[in-house]
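Participant: Chains as they are written, first to last, in the working numbering: chain C, 1 to 254; chain L, 1 to 439.
I should point out that these hints are in silico values taken from the structure, not numbers from a laboratory.
Subject to a maximum C-alpha distance of 27 Å in a straight line, what follows is the list of computed DSSO-like cross-link-like pairs (lysine-lysine):
id : chain 1 : residue 1 : chain 2 : residue 2
1  : C       : K175      : L       : K57
2  : C       : K126      : C       : K9
3  : C       : K197      : L       : K138
4  : C       : K85       : L       : K261
5  : C       : K175      : L       : K322
6  : C       : K86       : L       : K264
7  : L       : K322      : C       : K197
8  : C       : K85       : L       : K264
9  : C       : K197      : L       : K143
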Amino acid sequence: MANLHAEGKKPEYLFWVGCAGAYDDRYKKVTQAFVKILAHLGTDYAVLGTEETCNGDPARRAGNEMLYQMQALQVIETLSNYEVKKIITCCPHCFNIFKNEYPDLGGHYEVMHHSQFLRKMFDEGKLNIDSNVFEDKTITFHDPCYLGRGNNEYESPREVIARVRAKNVEMARNKSFGLCCGAGGAQMFKEAEPGNKEVYTERTEEALETGANIVATACPFCMTMLTDGLKYKEKEEEVKNFDIAEIIARGLGL
Amino acid sequence: MTKQLIFIIVLLITLGVFSYTISRLVRYFRYTKPAFPIRNIGARVKETFRVAFGQTKILRWPFVGLIHALVFWGFIVITIGSLEMVIDGVAGTERILGVLGPFYDVIIGAGDIFAMIVLIGVVIFLGRRLFLNIGRFKGIELKKESKYDANIALTLIFLLMVSLLGMNIGYIEMHGGAEQQFTGVYPISEWLAPMITGNMDQSAIHQLHEVNWWAHILLIFIFANVLPYSKHFHVFTSVPNVFLSRLEPLGYLPNMDNVTKEVKLMMNPEQDMEQEAEEEQSARFGVLDAEDSSWKNYLDALACTECGRCTAVCPANITGKKLSPRKIVTDLRARMKEKGPGLRKEGLDYSDGRSLIRDFISEEELWACTTCNACAQECPININHPTLILDMRRYLAMEEAAAPAEINTMFTNIENNGAPWQYSPEDRMNWAEEIYMNA
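For reference, chain C alone in the conformation it holds in the complex (with noise of 0.2 Å):
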């Protein structure tokens, strides 16, 4: 972004990559796909890079509003400085973060998850997918809880999925009635409390009944629990865990 900028240009577009998406091994594949994704399309964008930082929503999520409004604040000037206006990101907790309560500080953006923007694209006719990779795949979707039931977005990413024309199957608990994976509200950062099971067994169980064979997600949290799911129940060679991304950027053979 610094060197668009320093060039006086200023993209469409704010890729946001977030913190799993810079760190995580797992997440760096969806960010690379993403990337490839925006680069086939030649959509007009630029990232932070370096300069981006948490937007405080761990903090926030574990009651450390100090915090967050610090990080958020920072980053608020950083996005005015280069005059953001759009912002894209792979991650609902982000996305819901930048989207509804950066409002509150004065950061006022037109925000949208990488889900929304591909269905755009696709609607639009800027991205088409004509190979049969998927044809003989069984693909069911978890339902990050930040994009389903905290943003009123179910739709999107199932309309996404739908391009790759693979046969698509429904968990027992979809939507609005989709079972958390485990990850949110900080609990990424830590153990679970005692209990009789973990909350991503109890979710990727429900993924297996489906007799799918990949796994679409649409946030790194989800991915990080339910990949671990599949290699708790053994069954990480038959059934694979992608985020939507990855499924389209296969799709289109990039």
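Please arrange chain L on chain C, whose structure you already have, making use of the hints.
Facilitator: Structure of chain L alone, referenced to chain C:
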């Protein structure tokens, strides 16, 4: 005339006791904190029609949801008839709203049919509670009283419907005969009448009507005064609670403006500090006790019917953790009841050495929440549990620095290197280099 007098006295006693009870509950609102301004009346009316009158959220559980919806709609229609009874009782008239003509026929006819539907509904509800082993009706937060509570309320409703039908049957038989000179239409009662009054003479029929009329109106008075002491208070509170819902998406968490002030002060220290310091004295970050919660939290607590749909869908609860969203809400109600009288006497400085966190809700429960909003999504009357849970976390994290150790590590990481994990900010673009490496 004597009948009127007795009725008026009973009515006044009922209203007196009722307003006393309500005022006792309502006066605690003054100890609560602001939540949000009540704007956007149009959207609120819409939400009330959708969620309250439309019963859309309770219908997410289709079978019991439908029965509840029928009972609810029945109550609304039947209440119009009850109002007529009050007017009749005071004025010494009989079926005075009959002047409304066809409209009256529709209302009273629907009420008569609904009486039967509600009757069947509560029998099913009672059967479920007494004979079926339903997970939702159990839980550590449900004491014995709340079970009796439900059964007493359902029994009262049962008797209300029996007496309503009894009264209608008596009425049509009194005025029936060949001429059929009664006001209104009574499809169910007319069908039942021959079976009930087959060999009764006119005076017996008259008695049947009197007994049921009085039984019905007295049961209404008793019911209204039992409700505020039971979880069935929702009969009064749920519609206002829906009207006063938070309208933002569930993912939204309200901003803490007092924190914003402090943060801005830290970033910009030359700002006028004196006036800030004055205002901030009493404010505590987050919720430790009942009086730290907002009026909306307290209204939620008063409106909760303890149906347990929230707990039934809570991922933490499903997997055996201690957290139960229903308990969070009922604990707030219990704590306000416990501490409220003291607050009234001694003001906000009052302390009984107890608090909502720890004496009612453990830290373990609070940290088990994934903020997935399944509870809030499910609540038939739009109670929002996660905001209250988060406000309690805010107290723990900011006032006591009492977050779990791993969470504190996460905070430190964000402070030091701008990410919840311990990675260097310099490495933020490594993913991009790896693309070229893989290519």
